[in-house]
Amino acid sequence: MDAIILQILNGLDKGSAYALIALGLTLIFGTLGVVNFAHGALFMIGAFCAVTLTKFMTWEVATGEVQKTAWGSEVPVTKPLFESWFGPEVGGALIDWSVPLAILFSIPIMIIIGFVMERGLIKHFYKRPHADQILVTFGLAIVLQEIIKAFYGANPIPTPAPAAFKGSFDFGAMLGFDPNVIIYPYWRMVYFAFAAVVIGAVFAFLQFTTFGMVVRAGMADRETVGLLGINIDKRFTIMFGLAAAVAGLAGVMYAPINSPNYHMGMDFLVLSFVVVVVGGMGSLPGAVAAGFLLGILESFASMNQIKSLLPGIDQIIIYLVAIIILLTRPRGLMGKKGVMED
Amino acid sequence: MLGLNKKDTTLLIIVAALTLLAPFILNPFPTESGLAQFNAGYPDLMQRFVIFGIFAIGFNILFGLTGYLSFGHAAFLGVGSYSAVWMFKLLSMNVIPAIILAVIISGLFAVLIGYVSLRRSGIYFSILTLAFAQMSFNLAYSVLTPITNGETGLQLTLEDPRVLGQSATADGSIPVTNLFGAEMRSTYEMAVGPWAFQFNMGYYLCAIIMLVSFYLAIRIFRSPFGMMLRAIKSNQTRMSYTGLNPRPYTLAAFVISGMYAGLAGGLMASMDPLAGAERMQWTASGEVVLMTILGGAGTLIGPVLGAGFIKYFENIFSKINDNILHGWFAFMPDGLEDFVVTILHPFIGKGWHLTLGILFMLVVIFLPGGLVEGGQRIARLFRGKKSDDKSDEATQSTPAE
Amino acid sequence: MTKSNLTRRGVLKTGAVAGAGVALPTIFTASSAAAYTNEPTGSSVTLGFNVPQTGPYADEGADELRAFELAVEHLNGGGDGGMMNTFSSKALKGNGILGKKVEYVTGDTQTKSDAARASAKSMIEKDGAVMISGGSSSGVAIAVQGLCQEAGVIFMAGLTHSNDTTGKDKKANGFRHFFNGYMSGAALAPVLANAYGTDRKAYHLTADYTWGWTQQESIAAATEALGWETVNNVLTPLAATDFSSYIAPVLNSGADVLVLNHYGGNMVNSLTNAVQFGLRDKIVNGKQFEIVVPLYSRLMARGAGENVKGILGSTNWHWSLQDEGSQAFVKSFGTKYGFPPSQAAHTCYVQTLLYADAVERAGTFNPCGVAEALEGYEFDGLGNGPTLYRAEDHQCFKDVLVVRGKENPTSEFDVLEVVEVTPRAQVEYAPDHPMFAGGNLGTCNPGA
Amino acid sequence: MGILEVKNVNKRFGGLQALGDVNLSVAENTCHAIIGPNGAGKSTLLNCFVGKLIPDTGSVMFDGQSVLGRTPHEINQMGISRVFQTPEIFGDLSVLENMMIPIFAKRDGAFRMHAIENMHNEKEIVEAAEQMLEEMNMADKRHMHSASMSRGDKRRLEIGMCLSQQPRLLLLDEPTAGMARADTNNTIDLLKQIKDERDITIAIIEHDMHVVFSLADRITVLAQGTPLVEDDPENIKGNPKVREAYLGEAA
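Residue numbers (this note's numbering), protein chains in the order written: chain A, 31 to 372; chain B, 70 to 470; chain C, 9 to 456; chain D, 17 to 267.
To be clear, the hints were calculated from the coordinates, so they are not data collected in a lab. Don't take every hint at face value.
Computed cross-link-like contacts, SDA-like style, restricted to lysine to any residue with a CA-CA straight-line distance of at most 20 angstroms [stated by the list, open to error]:
| no. | chain 1 | residue 1 | chain 2 | residue 2 |
| --- | --- | --- | --- | --- |
| 1 | A | Lys337 | C | Asn240 |
| 2 | C | Lys344 | B | His395 |
| 3 | D | Lys68 | B | Thr306 |
| 4 | A | Lys337 | B | Trp155 |
| 5 | C | Lys108 | B | Gly396 |
| 6 | C | Lys339 | A | Val96 |
| 7 | C | Lys109 | B | Ala399 |
| 8 | B | Lys76 | D | His136 |
| 9 | C | Lys414 | C | Pro394 |
| 10 | D | Lys68 | B | Arg316 |
| 11 | C | Lys290 | A | Phe201 |
| 12 | C | Lys290 | A | Asp32 |
| 13 | C | Lys344 | A | Gln97 |
| 14 | C | Lys414 | C | Phe347 |
| 15 | A | Lys153 | B | Trp155 |
| 16 | C | Lys176 | B | Leu225 |
| 17 | C | Lys344 | B | Val410 |
| 18 | C | Lys290 | A | Ala33 |
| 19 | C | Lys295 | A | Asp208 |
| 20 | C | Lys209 | A | Val211 |
| 21 | C | Lys176 | B | Trp155 |
| 22 | A | Lys98 | C | Phe347 |
Could you build all of it, start to finish, from the sequences and the hints given here?
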């Protein structure tokens, strides 16, 4: 029982990341009809927004003193930029909170990146075959990755969460199990809550604003919306910006969970496509549901009891589930007819 | 000739000439010159060109004709390689049984995956194939290690039985792959002036198999079957209301292209008897998709061009380093030399991915029909304005060209 | 800067001049005109450095490449000579190898067996490389080692830690300077027993591929011999990025030590996740919960940030070593690049020098001569104390470092501190040790 | 006994009764029209004939054999061809190729692996296709990319493709929907000609009364999923029930 609760918690957390990425991807799929292989790269750039802010705050500025290094050369003694600006206390606190602060910093950046991508490139590919879209967005993803690699190298970069969120909470003790049986890190709880808020905000935005209504109508029937004389172009751009922002936010908050590296987007790309398709093309609730479902199943599959029964099941569970769902439900969990079927 | 019309015969002859003369064509620069870096006429890369050409030709039979985008084709390549290496381990070092087994096993594997995946179309089909291939890869890397030798890749050892051959040669090494005694690695070298050309047995075997595959692909493209496949891509509803069952057609195309992939895998193992699990990863499946689209999906020669393009960058550009750049630009004044090297630095060596990514974007933006369209535009340029209309018509009436 | 002009076939030049446009059938099997594959006949010799330039290990590969460039510079008489001055053998004179100027070509392994072999093949076939070195994973090392055996060139392995490289997959043409899983276990276990006691229950998380398995086997055997109990060993997928579902059940298993048999990105993520779960703040069985990372890479450890503090592991070499050889190497590397070298860089530099030295001593580039010169060779002054290249399996035997994540790092390079230098005698094993059994070195292949 | 016998067909979609107790008999070599207001269930009924839908209860017999549970291509092979509301042709193929495919299907059945056979050896098929194009007055367009033709031409091609299979029953689903007057008249003329010159049964669903009364020998009026009346065209015109349910509304 405790093991199951534990894996549900883990699954919710994994699912949060899957759902957030899949949400943005399905917005682009569903509204714009574009197969965006660069979506993983947007997630990665989000994470690097956090890295960049942390790096900036801790930029080493010379204090004027000089010390000798172990490998023989002399280097100036330095201290972090924010500490020299705001003093060790305020500066230190700001540095500690750099990841949450990066949210503010990343939203405008991601939206601008989304706008530029859509206006400069994706726009010209709406009417092109999916194959061309794959090629151009894949090319773009490689270019974005390589740019990040040129600045930050290939190794992961530690981006810690604020000290207040370090450590874990003992659910076991709270629920009456033995202590230490069900523990869960604070930051992962924050991530889950954050994901829930972002997902809720996106749904509310699409549900309760005129803009959202038009977009939902556009997802259902693009031609009619076009016929109504609504400037769908501008809205597509905004949608792309929104999707980029969601992917970016997912990345920013993910940075403390796993140190970001330049290819983290590619690691998530295939998985997020699977999630979107299992959820059903063009369905936002489907993408979110599939994200959580696959996250939880993946966690269950990594339980020792199950692994000893079916060795290697955790290696393939996601794909296996995807196959089963697609064979039993032709359009995924909540897919709409006719979207991306040809 | 050979049941082909004049245009296709010309194409086949051109391709045959290019492949057979590849050792000359790919080594245009004298060995001692700085530009020798761009020479691609060495056995391993030439083999790779034609082997990936076969892979892409086969993929195009599925994707180019039926429009079904498989994202798991590398699985068949991997299965073909494993089968071939097992044949070398158990039977003999002759490549023929290995290649035959590779084609058969990958064909069976394709029947299995195709039968299930083809129940869905569009992106759902793509994801099903992707899921199967990723499962194969993940299992091959871990749980199936006794069969696949996991991370390292399946390789030959001195202890292999090789019932029809020998476990080890007289001098205690592992025997090499051969075709009835002719070693795949044997290379004839020819020096002409400052040039050096290498003629490799393995390459010519691959090249001939590639030409046969290419010829078969032309026949399939031009056959009633090929027309049916194009009809499926065009309108499946009409297809079934015309009394035709699309499923066996798509399955046949899927299996044929799976067998092409298996053939490529078997050849790869024959040239270099090691089968790595990475061959089955989604990136490898993605690579053949990119090759086909880059060259021009649905065209006969496009996939081969795309395969050559990507493999060239992977093998040639990744080997250029700053040192070599300095060598090229040594004639410049020091400051300028360093400046030029600094500018080029991000695009070479470890930056070959970046160059490739940029080229993907440029090609797809400016040449919507892939490299083949680039070729057509150049041809049109040469032919001049007077024949402009004609060539337009030609491309229009034969969309499969 | 060396001007590399990639001469391969000096041998062909004569023929070419004479033939002047006429095809001259010189040979029919691979380079049979020469005595061995890619025999250097001109004034220079080409080495092939095959390192990961793309993918997750690109930074490690870049560091290896720096070390190679430095080694070539020193071999050709440039720079301050580095470890050539401290090396016990004085055969190298700074005039290249056997008087031939050293040139090199580079390639990208992509950390994939296939790509690595393709790249190595192109170096052998196109560029005429007579030795291949580098690499950052065991799969790649074993694949390339097999290729070099077939092609008849020497392979000087880079970073490869699997027992198999010089165990069941050992090859006569391949040589490994880097230590292995067994040595990690043998060096680490006593230190662990000292620090955490002999009554410990260990929970292993192991990367689900050959390297992970051999390391887990080695560590478990070594720790069990000292009284530890292995509670569980869970295999994790290579592609895993989030290890939460593997780490969460650890506390519940009754284990009080977590052993992470992961490398690179896997290690960074699993360690970060484990610390996130607060495992190290827990008391289990009345003891402080501990985490162990048997194979450390400083470059990668940096990615885990503060999480490595106080965590024990082993490493092949570390720049803070105070012996003369290490100091000389750190100095010349640091002067040239501005930061200290990694263990991967050290191994690659040393392997290049060892190869060059063996050629000098053998008086030939012939792989069989070189192999003979390396087999059973005792040397010192290359940073790891007195070292033996054992003839039976081509594995180097030398001291192993046990390190700990530093509590108060002074710079981003100052991540690890050396806890103990485990003497060579303690990590030695018989060539037919069960963990290394099943292989066959075969005979050296000169190609041709 | 008609060539197509529909008995007690019911079909529900969730709470909606789309078809309720439909009985229908189409006599051989006649043109039978099914008319009715929007949402009367005409298309649902047609889809039950071709294998796209399976009724909840009842039977659909073609020439004495049940079509239920068979796939569209099997039903086509039995001798039923269908023309769609929006012309369904192979847009990426040339007109001649479009015409060849149904002829192949007629000759070779639902699947044949003719992968390396040469098109040049299929003279009979090419000739039959050319001849059909001749009959459809489309011979001059044979090398055109079929997607680039006018809607009227596409319709003509689609009908030709169906006829080339020499079906015993031709199903027409609003063949003139969305057409200009001139195209509509051309289509009517074409269909009349087909009816007169061939031994063929036609079942037509139509909205346009002009078309219906120009072609039909017999008319069934469908309202809310149930047949209201079945009679000859003259009687239908005067039937007050029909006027109320359909024509009245249309007027």
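Now the hints, each set against the structure:
no.: 1; hint: Lys337/A - Asn240/C; verdict: 12 angstroms, holds
no.: 2; hint: Lys344/C - His395/B; verdict: 18 angstroms, holds
no.: 3; hint: Lys68/D - Thr306/B; verdict: 10 angstroms, holds
no.: 4; hint: Lys337/A - Trp155/B; verdict: 29 angstroms, violated
no.: 5; hint: Lys108/C - Gly396/B; verdict: 19 angstroms, holds
no.: 6; hint: Lys339/C - Val96/A; verdict: 19 angstroms, holds
no.: 7; hint: Lys109/C - Ala399/B; verdict: 19 angstroms, holds
no.: 8; hint: Lys76/B - His136/D; verdict: 14 angstroms, holds
no.: 9; hint: Lys414/C - Pro394/C; verdict: 27 angstroms, violated
no.: 10; hint: Lys68/D - Arg316/B; verdict: 16 angstroms, holds
no.: 11; hint: Lys290/C - Phe201/A; verdict: 15 angstroms, holds
no.: 12; hint: Lys290/C - Asp32/A; verdict: 18 angstroms, holds
no.: 13; hint: Lys344/C - Gln97/A; verdict: 19 angstroms, holds
no.: 14; hint: Lys414/C - Phe347/C; verdict: 18 angstroms, holds
no.: 15; hint: Lys153/A - Trp155/B; verdict: 50 angstroms, violated
no.: 16; hint: Lys176/C - Leu225/B; verdict: 12 angstroms, holds
no.: 17; hint: Lys344/C - Val410/B; verdict: 19 angstroms, holds
no.: 18; hint: Lys290/C - Ala33/A; verdict: 18 angstroms, holds
no.: 19; hint: Lys295/C - Asp208/A; verdict: 17 angstroms, holds
no.: 20; hint: Lys209/C - Val211/A; verdict: 17 angstroms, holds
no.: 21; hint: Lys176/C - Trp155/B; verdict: 18 angstroms, holds
no.: 22; hint: Lys98/A - Phe347/C; verdict: 13 angstroms, holds
In terms of the numbered hints stated before, the structure departs from hints 4, 9 and 15, listed from lowest to highest.
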